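So the protein sequences, as listed, match chains R, U and C. Heads up: the first sequence is residues 1 to 157, going by my numbering. Heads up: the second sequence is residues 1001 to 1461, going by my numbering. Heads up: the third sequence is residues 2001 to 2145, going by my numbering.
Hints listed in this document are in silico derivations from the structure and should not be mistaken for laboratory results. Only a predicted model underlies this, so the values are computations on that prediction, with no experimental measurement involved. Careful, some of the hints might be misleading.
The list that follows gives simulated cross-link-like pairs (lysine to aspartate or glutamate, DMTMM-like), each with its CA atoms no further than 20 Å apart [to be verified]:
id, chain 1, residue 1, chain 2, residue 2
1, R, LYS76, R, ASP19
2, R, LYS76, U, GLU1297
3, R, LYS139, U, GLU1123
4, R, LYS151, U, GLU1123
5, U, LYS1214, U, ASP1241
6, R, LYS41, U, GLU1279
7, U, LYS1108, R, GLU62
8, R, LYS76, U, ASP1315
9, U, LYS1388, U, GLU1206
10, C, LYS2006, C, ASP2077
11, R, LYS139, R, GLU116
12, U, LYS1360, U, ASP1412
13, U, LYS1360, U, GLU1102
14, U, LYS1302, R, GLU62
15, R, LYS139, U, GLU1310
16, R, LYS41, U, GLU1280
17, U, LYS1388, U, GLU1371
18, C, LYS2137, C, ASP2108
19, U, LYS1340, U, GLU1310
20, R, LYS139, R, GLU13
21, R, LYS151, U, ASP1241
22, R, LYS76, U, GLU1279
23, U, LYS1108, R, ASP122
24, R, LYS76, U, GLU1310
Some chain R residues close to chain U (C-beta under 7 Å, calculated; not the full set) [to be verified]:
id, residue
25, TRP17
26, GLY44
27, ILE47
28, ILE126
29, LEU127
The C-beta atom is built at its ideal place from N, Cα and C for all residues, glycine as well.
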Amino acid sequence: MSPLLQQLAESFENVTWEDSHAQDVARVPGEDWEAFARAAKEAGFEICADVTAVDWMRQRPERFEVVANLVSMQHKSRLRMVTSVGRHQPSVASLTPIWPGAGFAEREVYDMFGIEFEGHPDLTRILMPDDWEGHPLRKDFGVGSVPVQFKTSHQVS
Amino acid sequence: MVDEKTEIGERGRPPSDPPTETLDIWVAGTEEPQFQPTDEGTQEFGRDETKDRLDDQFGRVVQDDYVFDDEVAEDERMVVNMGPQHPSTHGVLRLQLELEGEVVRRTKPIIGYLHTGMEKTAEMLSYSQGSTNVTRMDYLSPMHGELAYSLAVERLLDIEVPARAAAIRVLMTELNRVASHLVALATNGMDIGAVSMMMYGFRERESILAFFEKTTGLRMNHNYIRPGGVAADMAPGWKDDIAAILDDLPGRLRQYDDLLKENPIWLARTKGVGVISPEEAIAYSITGPALRATGVEWDLRKAFPYSGIEQYEFDVPVGENGDVYDRYRIKVDEITESLKIVEQVTETMPKGDYRIGDAKITPPPRARIDESMEALIHHFKLFTEGFKVPAGETYVAVESPRGELGCYLASDGQARPYRMHTRAPSFYNLQALPIAMADSLVADTVATIASIDPVMGDVDR
Amino acid sequence: MTTVDKAANWARTRSMFPASFGLACCAIEMMATGVAHYDLARFGMEAFRASPRQADLMVVAGRVSQKMAPVLRQVYDQMPDPKWVISMGACASTGGMFNNYALVQGVDQVVPVDIYVPGCPPGPQSLMHGILTLHDKIMSGEIVN
C-alpha cells in the first residue's frame, strides 16, 4: 500500500482495505464516513470525482452500498470509498460540506435510490419530476416497459 | 462553499402529502390521457382546464424549489425562468435566475428534462449491447462514452485488446474530440452573436462525420468501440481521408481566429466573463477544459493514460483567468493538439487484429459461421445470452471533451451488468454555473453556459 | 380544393418557420441539416424561431422524458394555427431503444404528429425527406389544417 494510504489506514482501524483490479478500495463503516472523507481530503485527495450507489438486494448483508471515487492530483492516484447502508431508512453522512461538487451526485442518489444524506443543503429530486413516487434504480422498481409486438420480455438473466 | 441563505428547507416533498394533481400524460397501461388535445382549427385564446393545471404545476415547482429572502424586497428582485425550451441553453436545461434589474444575483439549475433511465436500461442489455446505450449519453462525444464503458468491461474481464485496436480507439476518440470542440465553438459563437461561426463549425464537422460514417456506419452514436476491441477494421483508403482532414483543418482554424481572436466585440463579451477560480473549480469537481482554463494542468490522458495514448506526443493547453475567453482558446488549441495525435496514429498504426481473438467475447467473422460449427455456436451464445463477466467492480475514466468521463461498473457474474453508472462530466460542470454567473449580466449568462459546454444527455442520462 | 386554398398551401409550404425544439442527439442532426452542407435555407427554413408564437412547424428532435412532456404540450399549444409536427428520430416516434419508465413512448401520446422520421439519429437527408414529404402533403391538400 502506498505511504499516502498507509497513514489513513493507521488513523482508522475499522476500515478494511481491498485491491479491486489495481485500484484501492476502502470499506468504511457508516459512522466513520465523514471523518474518513475529511482525512482523505487532507491527505491529498482534492477532487471527489463521483458519488453513486448500488442496490445489492439480498446478495449482501446490507442492502445498499454508497460509493465515492476520489482523485488526488498531486499524487496522481485514485481511491474508492465504499460504505454499506441498510434497507430501513437508509442514510449516510453527506460529503457536500467537504467537497461541494458532490452536491448534485448525492441528490441523484437520493432520487434514484432513496438514500438520504445528512447535512446536504438541498436534498430534493433532481432527475425525476418532483412528485414522482418511488426510486427508479432500486431493483424492486420495475423497468416500466411497454409491451412491444414480437418481443417477449425484457428479462434480466 | 455552501450558501447559508439558500435555505431550501424540506428534503423533497414526500410523495403522498399533499395530494397533488399532476398531469399524467404518460400513463402505463390502458388509461386514456387525462386531457384533451387541441381541436384542429381553433385558436387557443381562452384558458382551459389543462392550462390551469399546467400553471399550477409550474407554480408549485417554483415555490418549492426556490425559497428566497424577503428582506431584499426593496431591491425588487425578480425570479425569472430560463428554459427548458430556449434557443441558448444547449439542450433542455432550466435555469431559475434571481434578477436584480439586469444583474443575476443567484442561479439554480434544474435538470432532469432529458432523463432517459439509461442506467436502468443498461441492466437489461448484455455487455456487448451496452455500447449502444452509453453512446447516447454524451451524444457529442459518443466514442469517449463507449471507450470508458469498454475499458471498464475489459478490466473486469482482465483482458488486453490488441495494439491495433488500441490505436484505432485513440484515433477515433481524438477525431471525436475535434468534432465535439467544433460544435462547442459553433454554438458558443452563435450564442454570442457570431452566426458565421455556426456555419464554419458544422461545415468542418461534416468531413469528420463522413469519415466516421465510412468506418463505423453512422454519423453519430456509432456503437463502434465495444468490449474486446472495435467493431470493424478501418475502411480502405482511410489514410487518404485522414490526410485530407489534416490538410484542411489548420487553415480553417486560422479562419476562425481571423473572425474571433482579436475581434473587439468577441473580446468584450468573453474576457472577464464567467470567471471561475481554481479553488472553486476543484471544490466543485469541475474537470476538462473548464478546469484547465483556470490554470490547473490536469488532463487524464497525461495523468492516467489509457489505450496506449502515452506513446503519442501532445501538449495540454492551459489557461490563466478561467473566463469564457480562456475556455474558448483552450478548445481551439485542443483541436490542434488532437490533430497532432491523429497524425501520429496514422503514421504508426500497427498491423494486427482489430479485436481480441477470444471467441468467447468477440463474435467470429460472418463467413466462418458457414464453415465451422464452433463459430456458429459462439455466435449464437454471444448474441442471445452474451458473455459473462466475473463478479467485481471497477471505475475507469477517460478524458472526454468536457472532462472526466468515467464508468463505474459492478458485476455479479451474470451476462448483464448489475450496476452501470456513468460519471458524467457535464453533470458536475453544471454546478459551476451558479458561481460563474453570480453578479453578472443576463447576456453573460448565455456566454457562460455556452462556454461550460454542457451536453444534457450526459447530465440527465 | 379552391384556387385560394392552393395559393394558401403554396405560401405555407414555401415559408415554414420551424420552432427549435431540439432535445437530444437528433437536435445535432437537425442543426446539421440547417447549416451549410445540407442547407435548409434553400427551402426557406433555416431561421429556427425561438418563440413558438412565430413558428409553424415543431420538429420534436430527441427523446421526451416524463418531466419534459408538459413543456412539450405547452409549447405546442402556444403555436398558432396552422401548425404541423414532425417527430424526428426513433425516440420521438416510439420511445426508441429506451422502453422504460423515464420516457414518453412516442410523442404522439402528447401532441398530434404529421410526419414520423425514423432513424437513430436520422441523417440530414432523412430529415429533409421528411420535411419535403410534409410540404408535398400540404400542397396536395392531404393534410388540411
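Hint by hint, work out which the structure violates, then give me just those numbers in ascending order.
7, 9, 10, 13, 14, 15, 17, 20, 21, 25 and 26
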